[in-house]
Amino acid sequence: MNEIVTVSKLVKTFGDLVAVDGISFEVARGEVFGFLGPNGAGKTTTINMLCTLLKPTAGTATVNGYDIGTRKNEVRESIGLVFQDPSLDDRLTARENLIFHAVVYHVPRSVRDARIDEVMGMVSLSDRLDDKVETFSGGMKRRLEIARGLLHYPKVLFLDEPTIGLDPQTRNYIWEYIEDLKRREGITIFLTTHYMEEAEHCDRIAIIDTGKIIALDTPEALKDNVGGDVIKLRTEDDESAEAELLSRFPELELLTDPECRLCFKTRKGEEFIPDLIRDFGTKIVSVSIHRPTLDDVFLQLTGKEIREEGADDLAAVRRFMMMPRTRK
Amino acid sequence: MDDRERIDAGTGGDRAEKGPGESTEEYLRRTNVRRAFTGAYIVWLRDIKRFWRDTPRRVGAFVQPLIYLFLLGTGLQAAFKVFGGGNTRYILFMFPGILGMTVLFTSVFSAISILWDREFGFLKEVLVSPVPRSSVAFGKIIGGATQAMIQGTILLVLMFFPFMYGFSVETALKALALIPLTLLLAIGMTAIGVAIAANMKSMEGFPMVMNFLLLPLFFLSGAMFPLQGLPGWMNVLTRLNPLSYGVDMLRGISLRGVEVTGGPAALLNKIPQQALNRMPAEVKAALTRAGSSMSLQTQRYPLWLDITVVSCFALVMLVIAIWQFSRQT
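Chain order of the listed sequences is A and B.
Each residue of the first sequence is one higher than the last, beginning at 1 in this note's numbering.
Each residue of the second sequence is one higher than the last, beginning at 1001 in this note's numbering.
Treat the hints with care, since some could be wrong.
[Unchecked claim] Straight-line distance between alpha carbons at most 20 Å, and here's what the computed SDA-like set of lysine to any residue pairs gives:
| no. | chain 1 | residue 1 | chain 2 | residue 2 |
| --- | --- | --- | --- | --- |
| 1 | B | Lys1049 | A | Leu129 |
| 2 | A | Lys141 | A | Glu176 |
| 3 | B | Lys1124 | A | Tyr153 |
Simulated from the structure, these hints should not be mistaken for laboratory data.
None of the values given here were measured: they were computed from a predicted structure.
Given these sequences and hints, build the entire structure.
Right under this line is the structure:
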């Protein structure tokens, strides 16, 4: 049994709203599996179903070999959870929160203190063990929650938007912990995010939009599907450069972008550039390479940007500025 | 599955040792029972810690019963002296009512902690854990009842003061008898709160619903005023109110052998039998009626009925609360 999570045609509806629309996938033991999608795509709903907090409308799933509908208790024993919203008791100390968790997850008393020291060391919070949680910063709380999620040695750790609302530095810390965890404990990590750059840390990503999985692969493969890197060339004489380029690399297709005359897509751009500039007749001013990001993947798959707020505003402004030109 | 695997699957990380000669079934059952109790215990412990650390709440819990007893009790005692005549010791009559009231409000409102936990996310941590929901509900109910009993105990200590029941073996026996019965009442009341909180999503609605439910229960319980000479409809309502049996139970025990009625009623009761016998029959009957109807009633229902009703009420509410809490997602 190499799959630790199997999901088959899972559906969840809230009234007329179909939050999760018949998704199926598998997560292998020991991998970091990411759910990527915009807010409201159904990520948290799926996690809540897998964690037995929500009853699926249809479909089945197993976690660690146990059915989420009929073997709830065993599923709950097998998982650790870090919710999107904080779920600590602020009035208690970090240690008291962890003891509470240890008792409800049946961590034997004999190993409890050692475990608490271990997980707190892992998230570098050992010196704050006896401070009340209300004195912690947002990042520290999140780290404490990750520590708590690991206290009972779960087989799968679910992280729902583990870095939301945190500054970039803390975000990096948390990713270091997650990667360290995967290396050391061989634990399976199932996380959701709407940050593209974070999804790159995953072994495999499921891209989810309006309740459906629209792509599932490694980040590299997903990006390859977009069609490789975009190379942007600027020269002193674009006319002759274009002729030279097409005669030397007849298979190249220039992009039809009016703002970028010498732009083209190629696989393995970093190997192509040395080939290109060696003995190039026209004087090159600059060469830039644009790696496809998961943003591009998402854009290509859904025809929209993943970030709703900021990006949309910018796009709206751009559209507005384009208007007189296109209307004419 | 062999034994080892079944034990692993059934007990997760816990590796408590199987006793010699114990079958796997017995071991798993024993483990589950122990876990249910430790789960309830840690939920209880957390609630008590939070209560104890919150200084205003702790001070309030100590002061509130004193305010009711001394300010309201003394005021009503004075009023009864003037209008009831003589030396009616109304504060003694009211004491069991204040005990009941304190337990009622503290117990029921303690369940608001469930809504706090929902609001601040901690409830999810509890609900997704492998602890049975029923032991979480049980821990919450015992936690609320404990807080109510802390307040109740302060009142029980006050019983020994000379202006109350006095320092005597009799008072001590009464206080001892009151402890388990008050606890029973507190459990039933906290269970009402838990059952309602389990069905509510918002913090704001809880006090509204509670007041809507609690105030009638409270006013119809006889805690503040005697349930005597009431209009028929109100009399029926008081008899349907389980809390009136609770207050009657506390009052019956507290006031056993204590004379609270003074004034004319007491005088009527003191007319010697010979003198009564010499009076015309109708005068005698009228005097006897007046005597008992003007006395404060200290035991409305038989005590055994009180205890039975309160026990059944606590048990039924406990079951309803656990059922309601377990069914939430």
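Agreement of B/Lys1049 and A/Leu129 with the hint, judged by alpha carbon distance not exceeding 20 Å: holds, 17 Å
Holds or violated: A/Lys141 with A/Glu176, Cα cutoff 20 Å? Given that 20 Å is the threshold and the Cα spacing comes to 16 Å, the pair holds.
With the threshold set at 20 Å, check whether the alpha-carbon distance from B/Lys1124 to A/Tyr153 stays at or below it. At roughly 19 Å apart (the allowed maximum being 20 Å), A/Tyr153 and B/Lys1124 satisfy the hint.
Going down the numbered hints, you'll see the structure goes against none, and every one checks out.
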